[in-house]
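Sequence order for the protein chains is E and R. Add 6 to a position in the first sequence, counting from 1, and you land on the number used in this note's numbering. Add 6 to a position in the second sequence, counting from 1, and you land on the number used in this note's numbering.
Read the hints as simulated data drawn from the structure, not as lab findings. Warning: the hint list may mix true and false statements.
BS3-like cross-link-like pairs, simulated, lysine-lysine; straight-line CA separation at most 27 Å [to be verified]:
id	chain 1	residue 1	chain 2	residue 2
1	E	Lys102	R	Lys239
2	E	Lys79	R	Lys95
3	R	Lys175	R	Lys296
Partial chain R-side listing against chain E, Cβ under 7 Å, derived [stated by the list, open to error]:
id	residue
4	Tyr99
5	Glu100
6	Gly191
7	Ile195
8	Val201
9	Phe202
10	Met370
11	Gln373
12	Asp374
13	Glu377
14	Met402
Where is the CB? At the ideal position from N, CA and C, for every residue including glycine.
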Amino acid sequence: MTTTVQDQDRQQQAAPATNAPIERSAAYYRLKADVEDFYYHEADLLDDRRFRDWLELLTDDISYFMPIRRNVKFGQQAARENTKRGEGISWFDEDKWTLTKRVEQILTGVHYAEEPLSRITHMVSNVQIKGARPQIDAARELDVTSRFLVYQNRVEYETYIFVGRRNDTLRLTDNGWKIARREILLEQNILLAKNLTTFF
Amino acid sequence: MPLRNDFDQLVDVKGGFISREIFVDADIYRQELDKVFTRAWLLVGHESLVPNPGDFYTSRMGEESVILCRDKKGEIHVFLNSCRHRGMKVCRYEQGNTSLFTCPYHSWTYTTDGKLQGVPLHRTLYDGVLDREANSLVSVAKLCNYKGSIWATWDKNAPDFITYLGDAKIHLDQALDCRDGREGGSEVIGVHKWVFPANWKFAAENFLGDTYHNPSHRSVDLIGIGPSAAAGKKGRRDDELEKAQHVWISFPEGHGVHSAIQPEANEYIESFLDNPILEQYFRHCFEERKRRLGEGARLLPFVGTIFPNTSYHGRQPRGLCAWHPHSPTSTEGWRFFLVDKDAPKEAKEYLRRYYMRYSGPAGMTEQDDMENWLYATAASTGTVARRYPFNYQQSMGAYVTDHPLGGDVSLQVTEQIARGFYRRWTTYMQGGDWHELLGSPAGNRQAAE
Numbered sequence: 007m008t009t010t011v012q013d014q015d016r017q018q019q020a021a022p023a024t025n026a027p028i029e030r031s032a033a034y035y036r037l038k039a040d041v042e043d044f045y046y047h048e049a050d051l052l053d054d055r056r057f058r059d060w061l062e063l064l065t066d067d068i069s070y071f072m073p074i075r076r077n078v079k080f081g082q083q084a085a086r087e088n089t090k091r092g093e094g095i096s097w098f099d100e101d102k103w104t105l106t107k108r109v110e111q112i113l114t115g116v117h118y119a120e121e122p123l124s125r126i127t128h129m130v131s132n133v134q135i136k137g138a139r140p141q142i143d144a145a146r147e148l149d150v151t152s153r154f155l156v157y158q159n160r161v162e163y164e165t166y167i168f169v170g171r172r173n174d175t176l177r178l179t180d181n182g183w184k185i186a187r188r189e190i191l192l193e194q195n196i197l198l199a200k201n202l203t204t205f206f
Numbered sequence: 007m008p009l010r011n012d013f014d015q016l017v018d019v020k021g022g023f024i025s026r027e028i029f030v031d032a033d034i035y036r037q038e039l040d041k042v043f044t045r046a047w048l049l050v051g052h053e054s055l056v057p058n059p060g061d062f063y064t065s066r067m068g069e070e071s072v073i074l075c076r077d078k079k080g081e082i083h084v085f086l087n088s089c090r091h092r093g094m095k096v097c098r099y100e101q102g103n104t105s106l107f108t109c110p111y112h113s114w115t116y117t118t119d120g121k122l123q124g125v126p127l128h129r130t131l132y133d134g135v136l137d138r139e140a141n142s143l144v145s146v147a148k149l150c151n152y153k154g155s156i157w158a159t160w161d162k163n164a165p166d167f168i169t170y171l172g173d174a175k176i177h178l179d180q181a182l183d184c185r186d187g188r189e190g191g192s193e194v195i196g197v198h199k200w201v202f203p204a205n206w207k208f209a210a211e212n213f214l215g216d217t218y219h220n221p222s223h224r225s226v227d228l229i230g231i232g233p234s235a236a237a238g239k240k241g242r243r244d245d246e247l248e249k250a251q252h253v254w255i256s257f258p259e260g261h262g263v264h265s266a267i268q269p270e271a272n273e274y275i276e277s278f279l280d281n282p283i284l285e286q287y288f289r290h291c292f293e294e295r296k297r298r299l300g301e302g303a304r305l306l307p308f309v310g311t312i313f314p315n316t317s318y319h320g321r322q323p324r325g326l327c328a329w330h331p332h333s334p335t336s337t338e339g340w341r342f343f344l345v346d347k348d349a350p351k352e353a354k355e356y357l358r359r360y361y362m363r364y365s366g367p368a369g370m371t372e373q374d375d376m377e378n379w380l381y382a383t384a385a386s387t388g389t390v391a392r393r394y395p396f397n398y399q400q401s402m403g404a405y406v407t408d409h410p411l412g413g414d415v416s417l418q419v420t421e422q423i424a425r426g427f428y429r430r431w432t433t434y435m436q437g438g439d440w441h442e443l444l445g446s447p448a449g450n451r452q453a454a455e
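So that you can see chain R by itself, here it is in the shape it has in the complex:
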């Protein structure tokens, strides 16, 4: 049995075995918080949650509470939500607008750009010399507003976010861009937050491109909950990818996506049999996107995970998920639901209803995911169970490394993406430098070039 700190043995990518320890062990989990979650770029929120100066939204990074805030000048910040004096949360509201964060404990106050402003009895008790600058709220090291989505890292040596994304960028782009091909332009119409008893990596891996778990959604496919379900159509989503070549891609940074490439004769596929307004709108978006992006419009996103814990659904139900670790066997899921800000009312109304019936703990599709993640975690905690690693041998070697999309591209359902994810997870756990964390040299394509 491998030692718990011997990550090369725990994660045997070549043999296709990954130890259950990394999904249940408390010590490995503590190390993850330090070695993965204080270094990688993490999703914090979206600019539409803080549209005006003074707006704030409390979020999480790893296990810790942070405040996403737009200061009085309009600049966006992310701070640790903890007073520098005794650690009390300076904000216990989810969202709002303020000119100051006042700590309830001893009334230190902070401005919206994180600076310590008020210290009661500053002159008498601190001789008037307390260094306010040094006692500002702890800020993230780097922050990026990427097409409206807000990302941050605690590591000042981390590469910029675009470099971090690598070739996964164009896939994430399509979750963030307008349906008609314009860049950005999305808004969050609501956020689900819930806690489920499973290791966070089950959720991250599910969205990496684990298309193999499709049978677990048989119940929704049987009854039909898709766009045309009321007209009698079965299945859980529309048919827009029915003629597409699906691709599963593992990127050297640890990201993974399942996207699709439409055939050369990229034609709109009718999707709203009982709603002519929606049919017309989405047909318009399709044609407009094709006009703007040309050949590029053939690439459609499906799902993906940006290492380590941000997943997206690129088409419908479109959104970004953050899988916040709570404990080795517990995770807090957050899903930010996205629509085009300027989509017509009918489209927004349809989308929000579809998102609610599909996604999250009240969603007919994803309820079954949570059941799987829970009992897979629960049945892996035992002493005997831990002796037997999970099997990751699916589609070994069935990928190409010279595809124009970059990364390891597979044309069949594959665990190559998961293997790539855990290979990179291992590099983080071993304290690799950023050169290695971005995937070189690790025998991957860039290294070979």
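Next up, chain E with everything else stripped away, as it sits in the complex:
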């Protein structure tokens, strides 16, 4: 019986990933360098507190999602470990409007959970392109996975380290790459921070 559950689990895990790994061609590495550069720019905007400029990196139809991670039995990870986009309660299941509201709130200067502003550094690594549409050398849309380490120091002694992975869909627009879809997998069960006031 257990085997069946595990098999189902493997199938479900396999499903969202795009078929075979993309061939490591020169075009792949050129594109990967572009994407990394885009992420470093994004990190700069957030860490420099240019929140309105950061919003410009998001498509108008962005889906920004951070599930709650749960402790589940072996074999049930795919089905039950993460809360789901579009149903129930997650840490974030946002559209452009709520993300804009979050930025507006920080900019009021009286959002006390971010007033005075926290000192935050976003580190991004392990960038891999997992899907390119229509093809790698003329891509308009990319599936990209990466890892993040976000360091937050607040007021005097408050320090939080958020580590996890991101699964993004990036879309090429007239103004360069934009984030159309982001899934943030924070490697925590019970949130070990009093607040999530930063963007990931």
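Let chain E serve as the given structure and place chain R on it in line with the hints.
This is chain R only, laid out in the frame that chain E set:
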């Protein structure tokens, strides 16, 4: 300076001063775990988390891990999550379905009704005589499924839950009842769990009816995150209470609520300017509730705390919170978000999105609460700071004791509720009997009658 064990001096309700020691002192905290959290009724969860036989949900009572479980016959139990042999947690999953809890350490197994079943080498090592019955998982003394919410106490002498609630019942009811006035019918659509560095009582007191802290939410009020915010409306919630008479009530059992009474001409107040489907649904609920409850429909819940550490949000964002103590200066917050089980899809979708943007550590409103609780705790640990008690003198004496809603009813923002909460906390800390813990005789209304 009062002695740390002299609770009457630490909690000076008459003078309106409460010592900071009770929010930071490690010894007082240890005593609280024993004297408050092993006696009072505590929120454990909700039946919708364990809908089927064999379903379990791991929860907490005080600092301790417990398992909420529906056995094979469908009966709900709450057990201490600790093997009787060497104490290993028999369940480290949050939720699931099982026929047995198997301890990973020495493989003792327990059935879903908590009975010890399997003991490896029982015949050879225990002569086949180990008393299984006496080594069942430790069960709570009393348990109550109240309109779907599950409560428990470790004290076999505790009164039943309804008695414990007293006159706070009808306020909690409205957080648990359907929006259209039918009894019960809620379900949990998700649970937030997070740890914040503040004493648990800051959170409990915040929801007792501390409406005075409203200015700390100015940022969300300025930008607008309410139901009609996308249509340009400011504020953080809807206007349904704008014509209501607000009431703040301190109950003798230590509970406190902030509710509201709608005017006699109890009319629906338009709330969803840019969503006709939601507008129609909530208008329907309003009219239906009025039809079912009549005059009773004028009472609307807002927030409250059921002593000691369960808070509710009665309207939106509707839910139940448990403030689990971790240490004198650290608390684990759990929020169970509620909707009507049979609400239409559009309403559930709107509500879950509103809950997420409003509540908890990622919620735009409550982030500012956590900031306050943290630094209020941090700035109260110092030797000098502890010499200066907190001021609780707001609206002293500004309440009536003959209001039909019961308790001490105030028509203005008041710390009478907090004073009542800490007065009862003192009774627990002094080891009072249940007669006293329910509020008599303590110079309150019941005693006078």
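Here is what the structure says about each hint:
no., hint, verdict
1, E:Lys102 to R:Lys239, "18 Å, holds"
2, E:Lys79 to R:Lys95, "15 Å, holds"
3, R:Lys175 to R:Lys296, "19 Å, holds"
4, Tyr99, "5 Å, holds"
5, Glu100, "5 Å, holds"
6, Gly191, "18 Å, violated"
7, Ile195, "5 Å, holds"
8, Val201, "6 Å, holds"
9, Phe202, "4 Å, holds"
10, Met370, "6 Å, holds"
11, Gln373, "4 Å, holds"
12, Asp374, "5 Å, holds"
13, Glu377, "4 Å, holds"
14, Met402, "28 Å, violated"
Comparing the model with each numbered hint stated earlier shows that hints 6, 14 do not hold.
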